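Engineer: Chain B: place on chain A using the hints.
There are 2 protein chains.
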Amino acid sequence: MNLDAFATLLCDWCLEVAPGQQVLLVATTLAEPLIAALHRAILSRGAWPLLRLSPPGLAAEFYRMASDAQLDGFPPLELTEVEQIDAYLRIDAPDNTRALAGVDPATITRAARARQAIQEARLERRWCATIWPTPALAQQAAMSTEDYARFLAGALFLDQPDPVAAWDALSNRQAGLVERLQHAREVRIEAEGTDLRLSVEGRTWINSDGRRNMPSGEVFTGPLERSANGYVRFTLPSAPRGVEVEGVELTFVDGEVLAARAARGETYLQEALRTDAGARFLGELGIGTNTGIDRATGHILLDEKIAGTVHLALGRSYPETGGVNASALHWDLICDLRSGGRITLDGESLAIE
Amino acid sequence: MNLDAFATLLCDWCLEVAPGQQVLLVATTLAEPLIAALHRAILSRGAWPLLRLSPPGLAAEFYRMASDAQLDGFPPLELTEVEQIDAYLRIDAPDNTRALAGVDPATITRAARARQAIQEARLERRWCATIWPTPALAQQAAMSTEDYARFLAGALFLDQPDPVAAWDALSNRQAGLVERLQHAREVRIEAEGTDLRLSVEGRTWINSDGRRNMPSGEVFTGPLERSANGYVRFTLPSAPRGVEVEGVELTFVDGEVLAARAARGETYLQEALRTDAGARFLGELGIGTNTGIDRATGHILLDEKIAGTVHLALGRSYPETGGVNASALHWDLICDLRSGGRITLDGESLAIE
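For the protein sequence lines, the chains are A and B, in the order given.
All letters in the first sequence, in the order written, are residues 1 to 353 by my numbering.
All letters in the second sequence, in the order written, are residues 1 to 353 by my numbering.
Chain A extracted, bound-state conformation (with noise of 0.2 angstroms):
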């Protein structure tokens, strides 16, 4: 990994870190090499690097031992933080990504809506997140830690003589197919299991270049509510909060999810359709494009991005695709079309790889 390769494309693509800045760090402690880098970066560029770095583990520490008075509050200078801030950088940078397993996922979501202000405050800001190549990431890729780490500087194009020139060249492109798709009426997507119409009809589609998520490579839109028709099967495994989902196949009746069954965790998916009412309706299209990634690692900010894969989310819309879907959830499901998959946009096939 090529540490100041790294710390130069999170400040000069992706924060566009400017002189007098404060910018925000945070990561566990085992980012220790990258946040180094960053803090001779940051400082170079004029700005002011604040660290805000954690021991692993201290998230499920917080869930096991809040009071009523620490779930439902926060600390007041969490806030007069991120309202102050120019830019922020989380470094996902785990110890064990199956930590939170014994956590009543509604004590995770009660916590996240006291802390609303702050998430709403910090997406005002300039943010980004990226990953950095621990040993338990690894084994969730069933990669060995020095694999993994090279197979992550693929992602993130650190293997290219410009990795900056490499995102803007991955942009240009993804300009041209947000071009393309902005026109399309109707998406189809076929392979084997799957053969869905979605309408896009005057939706935005969103040229994600790594300036938010660093690696991305994708375009995406909210879909027409009530638009889907179809059966759709996600190919790729897929493990929310630590969960693992594989084979789930989805039928869906104008926009509506009539019939799903899972090869593994059916519970789950069952469970995570009744979350309310738009958990039955898609969020969100996405077309991977990220060439650096050519297999599934269990990541989700990976696995979407895989040049050849189109992910659909259950749930909640962004807001600015038009997309107008409420719901608590949002599940992106990977579907892979590198063996005879295809998209085509209003009867025209698209070239996506």
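Heads up, a few of these hints could be off.
As the list claims (entries may be wrong) - Facing chain B, a subset of chain A residues (Cβ under 7 angstroms, in silico):
| # | residue |
| --- | --- |
| 1 | E32 |
| 2 | P55 |
| 3 | L77 |
Since the hints were made in silico from the structure, they are not lab data.
Note that the coordinates shown come from a computational prediction; the quantities given were computed from them, not determined experimentally.
Each residue gets a CB set at the ideal place from its N, CA and C atoms; glycine is no exception.
Structural biologist: For chain B alone, kept in the frame of chain A given last:
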């Protein structure tokens, strides 16, 4: 090291953590085990732990890299946060006690001056400084890390059944000592190479009982600025800013240093005396009382607390003592009285161990 006992001591004796408070914890990542214990202890008291961990070595990097604007400024959020917190704990946990050896002291002074508003706001909060036994501190003490951790536990009274009660007992003993000292007009210090008289008439003695320095164990005041007469040999070594100074001998006439030499580090000594006008006068007289500290380990926070020693500081007084000596210097030098030395108050011997 009993981490829970250490965290309890810091929460209940030093910081008096109460529900709803925001408690800022500043340390290097080497102190992770103590940070994790403090996270638990602070949460369980209904308060909010706010972690400020840095990889070791970033301070030196800042001095090396900072632009003029960075040396003469600070991130506004740092001031905001010390204004909003309820308590502040700094944990000294270096990976190298000589990390700043190559940094121009003028650079450090310049940055400290720029950050003075932060420092002042911090002193208005409940604050405490403590030590985590890193390999670097053990090395400086010429001990194995395990032995150093055991030594430090003794200095913190963590080897006693109830450390909080032990500090309370020390506080009461020191209160008696302060009561006695408060009536004294003249203090005379005698040992081999030392016979010094100081007036402390009208000055306030402070009971330093571990609330601000943990460990502590000293009582101190500011002697009358023009009162020191005689000579003193400081028998314990000192390492201000990483420079080793040993065998300092000073002769005072009417408060002022008229002759000064050192067996080692003489150049540093002469430069220190030339810092400014106040650097040639004493700002502090302290008496160590910590019976858990039986030897010098090169850390001034510990060395000056050794039971059976006195220390004198060249330079700045602490205003709460009534002392008025002003200087950019505050250099504590220690005289060991344990082999035949003594303190007399207005001609009457003081039992100090």
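Engineer: Take the hints in turn and mark each one as holding or not.
Structural biologist: Hint by hint, here is what the structure shows:
With its C-beta approaching chain B no nearer than about 5 angstroms, E32(A) sits inside the 7 angstroms limit, and its interface hint holds. Taking 7 angstroms as the C-beta cut-off, the interface hint given for P55(A) holds, the closest approach to chain B being about 5 angstroms. Residue-level restraint check for L77(A) holds (minimum Cβ-Cβ distance to chain B is 5 angstroms; threshold 7 angstroms).
In terms of the numbered hints stated before, the structure departs from none.
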